[in-house]
Amino acid sequence: AQKITQTQPGMFVQEKEAVTLDCTYDTSDPSYGLFWYKQPSSGEMIFLIYQGSYDQQNATEGRYSLNFQKARKSANLVISASQLGDSAMYFCAMREPESWGKLQFGAGTQVVVTP
Amino acid sequence: DAGVIQSPRHEVTEMGQEVTLRCKPISGHNSLFWYRQTMMRGLELLIYFNNNVPIDDSGMPEDRFSAKMPNASFSTLKIQPSEPRDSAVYFCASSNPGGRAYNEQFFGPGTRLTVL
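Residue numbers (the working numbering), protein chains in the order written: chain A, 21 to 135; chain E, 4 to 119.
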């Protein structure tokens, strides 16, 4: 069963604007971790941000922030002040306990930042 | 620090040939993961190791695929015989649960495999 859902296959955003990428997840375990990765056209996978299920505050890393709504099982990524270099595919992923660090990835959202 | 190293970066082969992909994880990481990425199926976990021991190989598509991790610094993914549908980008990733405690996975640059 699909555990990570990213409903936006692609989106355009104007430079300097903020963009929100949706991610919902499904798990019955109270302990889990949520990750966002960026994959530019060059192909490498770049870790962006992490949120633990027990973390009280939403995670932030520079221009990236995670809007974590536990009751809704939602972990949306917000990119503020978009830059042309933010154009990439973005993947949401989840780690469950007892999984030895195994991640399940969503299908990804393609973001294109326009001038 | 060197990241995860994969070789070759690109591989073009003919159907029926054996293909071996190589990975060197980040030193000190004790978990290693092999992924395959295609347009149709996205990012799929094939197999992962913990302390050199295969933990879950349920993602390996068929018996033509095999993976080994003879020591903490080296892993291989072998396809024999290769088929055109194996064409994909294969990523290796490593993590250290005792590091940032995030189990963040560090990905290698990937091997782009084309089977003609």
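Be a bit skeptical, because a hint or two may be false.
Unchecked claim - Straight line, CA to CA, 30 Å or less: simulated DSS-like cross-link-like pairs of lysine-lysine:
id, chain 1, residue 1, chain 2, residue 2
1, E, Lys81, E, Lys71
2, E, Lys71, E, Lys27
3, A, Lys90, A, Lys36
4, E, Lys27, E, Lys81
5, A, Lys23, E, Lys81
6, E, Lys71, A, Lys23
What the hints assert, rightly or not - Here are a few chain A residues that sit away from chain E, every Cβ distance over 10 Å (derived from the structure):
id, residue
7, Gln28
8, Ile66
9, Tyr70
10, Gln77
11, Ser100
12, Ala101
13, Ser102
14, Leu104
15, Phe111
16, Leu123
17, Gln124
18, Thr134
Claimed, not checked - Heads up, incomplete: computed chain E residues facing chain A, CB under 10 Å, no partners named:
id, residue
19, Phe36
20, Tyr38
21, Leu46
22, Leu48
23, Asp59
24, Phe68
25, Ala96
26, Ser98
27, Phe109
28, Arg115
The set of hints was computed from the structure by calculation and includes no laboratory data.
Given the structure is predicted, the values throughout are model-derived calculations rather than measurements.
Using N, Cα and C, we set each Cβ at its ideal position, and we do this for glycine too.
Results of checking the hints against the structure:
1. At most 30 Å may separate the alpha-carbon atoms for a hinted pair to count; Lys81/E and Lys71/E meet this at roughly 9 Å.
2. A hinted pair counts as satisfied when its Cα atoms are at most 30 Å apart, and Lys71/E with Lys27/E qualifies at roughly 12 Å.
3. The hinted pair formed by Lys90/A and Lys36/A meets the criterion: a straight-line CA distance of about 29 Å does not exceed 30 Å.
4. For the given pair, Lys27/E sits about 15 Å from Lys81/E by alpha-carbon distance, which is consistent with the 30 Å threshold.
5. About 29 Å separates the Cα atoms of Lys23/A and Lys81/E, which keeps this hinted pair within 30 Å; it holds.
6. Taken as a hint, the Lys71/E and Lys23/A pair is honoured in the structure, with Cα atoms around 28 Å apart against an allowance of 30 Å.
7. For Gln28/A, the non-interface assignment is confirmed: its Cβ lies about 14 Å from the closest Cβ of chain E, beyond the 10 Å cut-off.
8. Its closest Cβ contact with chain E, about 8 Å, brings Ile66/A to no more than 10 Å, contrary to its assignment away from the interface.
9. At roughly 5 Å, the least C-beta separation between Tyr70/A and chain E is not larger than 10 Å, which violates its mark as non-interface.
10. Interface exclusion of Gln77/A from chain E stands, the closest Cβ pair being 15 Å apart, more than 10 Å.
11. For Ser100/A, the condition that its CB be more than 10 Å from all CB atoms of chain E holds, with the nearest at approximately 22 Å.
12. Once the 10 Å rule is applied to beta carbons, Ala101/A is consistent with being away from chain E; the minimum gap is 24 Å.
13. Against the 10 Å criterion, Ser102/A stays outside the reach of chain E, whose nearest CB is about 23 Å from its own CB.
14. The beta carbon of Leu104/A is kept farther than 10 Å from every beta carbon of chain E, the shortest such distance being approximately 22 Å.
15. With a closest Cβ-Cβ approach of about 7 Å to chain E, Phe111/A is found to fall inside the 10 Å limit, against its non-interface label.
16. In this structure Leu123/A is not separated from chain E by more than 10 Å, as the shortest Cβ-Cβ distance comes to only about 6 Å.
17. Non-interface status of Gln124/A relative to chain E is broken: a Cβ of that chain comes within 10 Å, the nearest being about 8 Å off.
18. No beta-carbon of chain E comes within 10 Å of the beta-carbon of Thr134/A; the shortest separation is about 23 Å.
19. With 10 Å as the threshold, the beta carbon of Phe36/E comes within range of chain A, its nearest partner Cβ sitting at about 7 Å, so the hint holds.
20. Look at Tyr38/E: its Cβ gets to within about 8 Å of chain A, closer than 10 Å, so that hint holds up.
21. For the restraint placing Leu46/E at the interface with chain A, the shortest Cβ-Cβ distance is roughly 4 Å, inside the 10 Å limit, so the hint holds.
22. For the restraint placing Leu48/E at the interface with chain A, the shortest Cβ-Cβ distance is roughly 6 Å, inside the 10 Å limit, so the hint holds.
23. Interface restraint check: Asp59/E against chain A, minimum CB-CB distance 7 Å, threshold 10 Å, status holds.
24. Because the closest C-beta pair between Phe68/E and chain A is about 18 Å apart, greater than 10 Å, the hint is violated.
25. Given the 10 Å rule on beta carbons, the hint for Ala96/E holds: about 7 Å separates it from the nearest Cβ of chain A.
26. Checking Ser98/E against chain A: minimum C-beta separation of about 5 Å stays under 10 Å; hint holds.
27. Because the smallest distance between the Cβ of Phe109/E and any Cβ of chain A comes to about 7 Å, under 10 Å, the interface hint for this residue holds.
28. At its closest, the beta carbon of Arg115/E sits 8 Å from a beta carbon of chain A; the interface hint therefore holds under the 10 Å criterion.
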